[in-house]
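Student: Chains R and U are the protein sequences, given in the same order. 353 is the number that this note's numbering gives the last residue of the first sequence; the numbers go up by one with no jumps. 353 is the number that this note's numbering gives the last residue of the second sequence; the numbers go up by one with no jumps.
If you're looking for bench data, these hints aren't it; they were derived computationally from the structure. Even for Gly, the Cβ is constructed at its ideal location relative to N, Cα and C. Check each hint, because a few of them may be wrong.
Unchecked claim - Chain U is faced by these chain R residues, among others (derived, beta-carbon under 7 Å):
{"#": "1", "residue": "44"}
{"#": "2", "residue": "50"}
{"#": "3", "residue": "51"}
{"#": "4", "residue": "94"}
{"#": "5", "residue": "166"}
{"#": "6", "residue": "170"}
Protein chains: 2
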Amino acid sequence: MLEDKNASRTPLEQLGEFGLIKHLTKDFELTHPSSLKGIGDDAAVLDLSAKKTVISTDLLIEGVHFDLSYMPLKHLGYKSVIVNLSDVYAMNAMATQITVSIAVSNRFPLEALEEFYSGVALACKIYGVDMVGGDTTSSTKGMLVSITAIGQVTDEKLVMRTGAKENDLLVVTGDLGGAYLGLQVLEREKQVFKVDPNNQPDLEPYSYIVERQLKPEARKDIVELLEKLEVHPTSMIDISDGLSSEILHLCEQSDVGCNLYEDKIPLDPTVISTSEEFKMDSTMVALSGGEDYELLFTINQKEFPKIKGNPNLTVVGHMTHKNEGAHLISRNGSKIPLIAQGWNSFNGTE
Amino acid sequence: MLEDKNASRTPLEQLGEFGLIKHLTKDFELTHPSSLKGIGDDAAVLDLSAKKTVISTDLLIEGVHFDLSYMPLKHLGYKSVIVNLSDVYAMNAMATQITVSIAVSNRFPLEALEEFYSGVALACKIYGVDMVGGDTTSSTKGMLVSITAIGQVTDEKLVMRTGAKENDLLVVTGDLGGAYLGLQVLEREKQVFKVDPNNQPDLEPYSYIVERQLKPEARKDIVELLEKLEVHPTSMIDISDGLSSEILHLCEQSDVGCNLYEDKIPLDPTVISTSEEFKMDSTMVALSGGEDYELLFTINQKEFPKIKGNPNLTVVGHMTHKNEGAHLISRNGSKIPLIAQGWNSFNGTE
């Protein structure tokens with residue numbers, strides 16, 4: 004509903020596979036000293052000798068992870084990169100390179116792929132990463148994207164999910180629940196559009212949460228901030244599946260419990276008002292809504308003065324002994340076990 | 004037609020996404036000193052400080068790159084890894100790690116994914132690579148596989164596509180055309196099976212070429228052989244799209260021409276007999292049939308004594324001045340321009 008249906012259409016067969024790759028990647032430049040050779044050989048060549056390397060990969064499928072009826076292709080390209088960079092930053096590493104593979108059915112003209120790659124290029128530029136390789140092929144149905152991100156980090160800075168200790172503070176960046184509610188708004192407008200294609204949706208009141216869904220950012224700035232503040236998290240994870248699910252990962256992998264305080268969970272006013280409009284509980288939205296791509300980390304209490312008052316960082320709880328389990332302490336003081344209601348993609352049908 | 008239809012079926016929803024990843028990857032061990040941390044965090048952690056790193060990625064789609072009606076899932080897992088390792092060896096590098104992402108529709112039970120991963124595990128074991136990460140998700144149609152392979156190589160050993168010089172010898176490993184003809188045999192049997200499901204195909208006479216198609220190998224042994232022989236190729240590429248297409252890549256990227264001699268192209272007897280049976284020209288099969296995963300490289304003539312008589316290596320031509328172009332010198336001495344008839348995946352329909 005957001006795309007220009009009158010745009011020019013160049014069939015992909017016209018270019019062939021190699022011509023297509025060349026065309027789509029011609030404007031990508033290598034900027035990292037560690038990117039020795041990008042696209043054009045059997046493999047890219049990198050010099051990753053300076054530090055430790057982290058590598059993460061994600062697969063995004065049309066109809067499962069994204070809906071092109073409201074996701075512009077440029078945004079999809081951008082978001083596909085962000086999703087992967089977020090995993091690199093969650094290791095307290097700096098992202099350096101990505102590979103981008105896509106498969107599309109022949110309903111996609113060249114111009115659609117150009118749009119997608121313009122989003123990839125923008126993310127590369129903003130986050131300072133090089134696209135060094137990938138694959139472009141046809142699919143029998145729809146579009147799919149597979150991205151692998153590489154980052155570098157020193158031994159001292161590397162943060163895993165495994166180091167949280169009892170009494171550590173639990174800290175979250177930004178605010179939560181926006182991306183999920185943005186998706187609800189877009190889905191609702193899609194249904195309205197189906198009934199009345201002439202209806203122009205007014206998304207203005209929802210612009211913050213719609214942007215959180217369509218054009219999320221990864222928290223590179225937080226990795227830089229932690230360095231500046233000389234804060235070394237004991238454990239860290241990115242919030243892609245909802246706060247509850249990520250806390251349970253940290254607890255399980257660090258062998259600790261957790262108390263999360265409902266009244267501390269950072270929510271944007273739009274999240275609160277839209278939750279009310281959709282008759283949803285805003286805490287549940289933050290706990291179980293995904294795709295916020297904020298960071299969740301733990302720090303030793305001694306580090307608290309360094310982060311105190313920082314508008315990007317909110318202490319939402321503390322880690323406990325493993326035997327205490329993981330709980331939400333609600334506004335009225337009751338203790339509710341946290342459960343993973345993260346999104347399970349295996350409910351689709353063929 | 005090769006699968007046991009009575010096997011047990013565990014729906015994937017039963018495990019959930021994290022349970023599924025854990026289950027499928029529980030038997031994978033890390034063996035490389037450079038694999039510091041595999042699956043289980045936001046990203047894998049590698050120490051790639053010793054040498055230069057090469058990275059390559061491929062996307063394989065059911066109905067485009069493979070057909071599960073004759074490709075057993077274990078073979079698919081194996082071949083998916085091989086296809087990627089081949090690119091690493093084509094840089095004269097040693098493969099060290101892979102990431103494996105798959106998406107499947109809900110027609111696939113857990114047991115199917117176990118089969119697939121058993122093939123991945125076998126390839127990892129035989130080639131000495133560690134699986135360090137990946138993604139597992141659902142698709143709206145069929146199965147798709149995305150693999151990224153990482154390798155390491157010293158500066159001195161790295162071989163690109165760009166270094167071939169006039170008068171260099173053109174060398175090919177193994178023999179060509181088998182994988183393509185194996186596919187033709189399998190496609191023919193599939194048609195026979197459709198008409199008469201009780202007909203048991205006799206694939207015995209075609210076992211070599213069917214195996215070339217269903218269970219190809221990557222030429223790690225050649226990288227080791229080149230080291231032992233102290234041969235340093237001036238350029239190298241793997242043969243995934245047919246000899247003709249790969250020669251043209253080397254010529255274009257090294258800025259040279261080439262004479263390829265028809266009577267030198269190594270063909271297995273099964274390739275010759277099956278070509279006759281299918282009324283195909285065996286030279287065309289070698290030139291344009293893909294998926295052999297042999298290596299094609301150039302060496303300075305001075306190096307010839309080192310490779311002379313080696314049964315794995317065949318000199319098939321020599322590089323010329325760029326202005327002479329790239330030609331096949333046929334058995335009767337005529338000079339035919341080489342054209343890329345490599346497989347173009349963009350002819351499918353949605």
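Student: Report holds or violated for the interface hint on residue 166 of chain R, using the least CB-CB distance to chain U and a cut-off of 7 Å.
Tutor: violated, 11 Å
Student: For the hint on residue 44 of chain R, just tell me whether its beta-carbon gets within less than 7 Å of chain U.
Tutor: holds, 5 Å
Student: Verify the interface restraint on residue 170 of chain R: the C-beta must sit less than 7 Å from at least one C-beta of chain U.
Tutor: It is violated, given that the least Cβ distance between residue 170 of chain R and chain U is near 23 Å, above 7 Å.
Student: Was the hint right that residue 50 of chain R lines chain U, CB cutoff 7 Å?
Tutor: With a closest approach of 6 Å, the residue 50 of chain R hint holds.
Student: How about residue 51 of chain R: closest beta carbon in chain U under 7 Å, or not?
Tutor: Hint on residue 51 of chain R: holds, closest Cβ of chain U at ~4 Å, below 7 Å.
Student: Under 7 Å, Cβ to Cβ, is where residue 94 of chain R needs to be relative to chain U, so tell me if that hint holds or is violated.
Tutor: holds, 5 Å
Comparing the model with each numbered hint stated earlier shows that hints 5 and 6 do not hold.
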